[in-house]
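Number of protein chains: 2
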Amino acid sequence: MSRFIDYIARKAKNNKTLKKAYQSTVSSYLNTHIGEITPFNPRPSDNTERRLNLLVPSINQEHLFGGISTALHFFDELYRTEEKSHRRIITTDASPSDEDLLKFSEYILSSSEDDLIENSYIVPFNDRYNKTMPIGKEDLFIATSWWTAYFAQRVVRWQAEQYNQPEKKIIYFIQDFEPGFYAWSSQYSLALSTYQYTGEQIAVFNSSLLKDFFNNKDFKFTEEYYFEPRLNSSLKKYLIPFEMMKKKKKILVYGRPSVARNAFSIIVEMLRVWVWIQPNPTEWEIISAGEQHNDLDIGNGVVIKSKGKMSLDDYANELKESAIGVSLMISPHPSYPPLEMSHFGMLVLTNSYENKDLSKLHENIYSVDNISPDSLAKELMVLCSTFTKDNFVGNCKGVVSYLEDSKQFDFIEDIKGKL
Amino acid sequence: MSRFIDYIARKAKNNKTLKKAYQSTVSSYLNTHIGEITPFNPRPSDNTERRLNLLVPSINQEHLFGGISTALHFFDELYRTEEKSHRRIITTDASPSDEDLLKFSEYILSSSEDDLIENSYIVPFNDRYNKTMPIGKEDLFIATSWWTAYFAQRVVRWQAEQYNQPEKKIIYFIQDFEPGFYAWSSQYSLALSTYQYTGEQIAVFNSSLLKDFFNNKDFKFTEEYYFEPRLNSSLKKYLIPFEMMKKKKKILVYGRPSVARNAFSIIVEMLRVWVWIQPNPTEWEIISAGEQHNDLDIGNGVVIKSKGKMSLDDYANELKESAIGVSLMISPHPSYPPLEMSHFGMLVLTNSYENKDLSKLHENIYSVDNISPDSLAKELMVLCSTFTKDNFVGNCKGVVSYLEDSKQFDFIEDIKGKL
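Top line first, the protein sequences correspond to chains A and B. Counting in UniProt numbering, the first sequence runs from 1 upward without gaps. Counting in UniProt numbering, the second sequence runs from 1 upward without gaps.
Simulated from the structure, these hints should not be mistaken for laboratory data. Fair warning: there could be bad hints in the mix.
Think about it this way: if two alpha-carbon atoms lie no more than 16 Å apart in a straight line, the pair counts; the simulated EDC-like pairs of lysine to aspartate or glutamate are [said to hold, decoys possible]:
id, chain 1, residue 1, chain 2, residue 2
1, B, LYS407, B, GLU167
2, B, LYS320, B, GLU285
3, A, LYS131, A, ASP114
4, A, LYS217, B, ASP218
5, A, LYS416, A, ASP114
6, A, LYS360, A, GLU228
7, B, LYS217, A, ASP218
8, A, LYS416, A, GLU83
9, B, LYS137, B, GLU167
10, A, LYS217, B, GLU354
11, B, LYS249, B, ASP390
12, B, LYS217, A, GLU354
Only some residues are given here: those of chain B computed to face chain A with a beta carbon under 7 Å [what the hints assert, rightly or not]:
id, residue
13, THR32
14, GLY35
15, TYR182
16, ALA183
17, ALA263
18, ILE266
19, VAL268
20, ILE330
21, SER331
22, ILE371
23, SER372
Ideal placement from N, C-alpha and C gives every residue a C-beta, glycine not left out.
Next comes chain A alone, as it looks inside the complex (with noise of 0.2 Å):
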């Protein structure tokens, strides 16, 4: 449904009386639908193999980097612990491409008309008004989002009436807490709701911090496992010693304008207020990357060049020679760039958020409570002079496996055990 009203709203765009139309059918129609929980139908099917099914909203290359790949990389492991199940990837909001394809050439690409019984198969069903998907008795779900558990949660109970058995666990895996993605809300509700589940669940967490998080407000799983952060195996190349990366005056900002938990504006703000108060801010130069925007004069002669979504070497680049990081994240969720910035010997100013302080993961980072621009940027000039004044190349001192090489889903065979 979602790319039907792209096309209109492309169409509307330059067309008056499709214009009108749309913005009274279709803003009707967004404020009176809620897209995540379009039904997702189940009917029954003879496949009395067991099998994984992942529910992911899209494999295509677009969304393929940070939470739907770590969600592949485990399902994947997953898999290959089993001796003889079967997988399926079910895609719920997009339907890949055949080059998004290329990089599933395990798979084949089915469709939910078909009950295929295949070892590795992909099935997209967003565009599933009239349609339904085969269950078997054996079908076991990995959600990995909020609408995705919302709909195993009811799959499972169809499951369990059509088969006359349990209801079969869930496997969860949470990478943030996603109700904060949204205002209070009917979303907010909807996401929330997938938490307080009463049948079993298996939570995997992305991090003992975010599972903190849940253990603090009270949400009971059956069975909890988390895994920890690693540096991306590319960037930990360049890695090099700190005295080795010849550090200049320069602040690399974490710029994703359309993200709200990255506080974009509030990093802006900060700043504008740091050139009134910082000798010499012109010494410095401040480059922003994550995601492209215009460049910001930000006053007394400073501007933010905007670097965009950086290629790892750029990006790599850049880390060894910064010597300050600004990186915002309103959630318990560590997230990757004060991590990534403070391996590199950069000094990183970033937020506290509920029980998340990031400066017990490395010395170099500098963790504030609270996040006004007025405050920031004190906090700014202090680490500006920190580094000027005793040519500072950063503490080596972090947490031992962010740089380990080892398992990162080490629990995999008790979740096994557990399903």
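Based on the hints, put chain B in the right spot on chain A.
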């Protein structure tokens, strides 16, 4: 500034070049500025009189309902307890017109450029670029929204330094947990920061439920007071014994598509499920009150009729005629419709939120934890059959204070002693 943006936005609609300029310039402006905290700059004043300052976004006719109107009543009562204080209303987001001022005949309209000593005056300060507000040593501040608290917290620090005196206590009139109005973002964090202020702050909560919510989250205030909701005195006149109300098979929903926390889309999705599980659904009339929207065909012959924002007369009649009410509010605030509906003998379906459980406030209220459309639809069906089977006329038992005429702010003398 928001007025300027509105102006450009209007112009931009009809002109391609402007449209492009609007998109790149204004949208970038919005992403990198936090309009709410446009600096509120103080300047010294020779005025040494005690003066109560109400910091409020607007006193314009169109904003004078609910929260702002309650804050003005509180301000008025507080002023009347004082023997010779002055009072000043400072509007931060909008400027009142001559018509808006008709309701403020006791006040004189002034400007931030003047430094008047008057009993009662209003100073618009929405257009404050390059302007300052005269602040004397005995100015006291009452904040009514997170950004007005943000200003007050900075102004009392300035005031303490300027006049070499301890920081004044702030009165923070809190009517909801405002970070909940945003996804995790810059605004979310800044709203939250106003509750984490370490200076002296007297909190006045709209309802014990909201106070308990803050207490559960461990926010600390120097003093805490609360007041409970009261039935609107104009509605009270319509209150007659339930037996005389002639209840019809009518469901009244509180429908406000533009207020996310009222979860309008969940109500509509729920009714789309309900029409297929309810016996003879077309016997029921469904009315939506609150905000005008298109009538909605929800299937199986049922249409939701929108009545928009109704007059008190019309609303009272709907309350008397309707058997069942549905009103959702994703917030710890009790919200008024469920209380109004239940006191008019309607069976009310609403949601719990953390410590909020409105079924404790009236026997007619059914409060559910699970807010998913399928689960709510079943609850609604149960309420419909309760009404139909037993020819039910509603319970009378609610908390007593809701219908009382005594003073709502009975703690106001106590606050005066603490200032």
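Now for the hints, and whether the structure bears them out:
no., hint, in the structure
1, B:LYS407 with B:GLU167, "violated, 31 Å"
2, B:LYS320 with B:GLU285, "holds, 14 Å"
3, A:LYS131 with A:ASP114, "holds, 11 Å"
4, A:LYS217 with B:ASP218, "holds, 13 Å"
5, A:LYS416 with A:ASP114, "violated, 28 Å"
6, A:LYS360 with A:GLU228, "holds, 14 Å"
7, B:LYS217 with A:ASP218, "holds, 13 Å"
8, A:LYS416 with A:GLU83, "holds, 11 Å"
9, B:LYS137 with B:GLU167, "holds, 10 Å"
10, A:LYS217 with B:GLU354, "holds, 10 Å"
11, B:LYS249 with B:ASP390, "holds, 13 Å"
12, B:LYS217 with A:GLU354, "holds, 10 Å"
13, THR32, "holds, 4 Å"
14, GLY35, "violated, 9 Å"
15, TYR182, "holds, 5 Å"
16, ALA183, "holds, 5 Å"
17, ALA263, "holds, 5 Å"
18, ILE266, "holds, 4 Å"
19, VAL268, "holds, 4 Å"
20, ILE330, "holds, 4 Å"
21, SER331, "holds, 6 Å"
22, ILE371, "holds, 5 Å"
23, SER372, "holds, 6 Å"
Checked against the numbered hints given earlier, this structure breaks hints 1, 5, 14; the rest are met.
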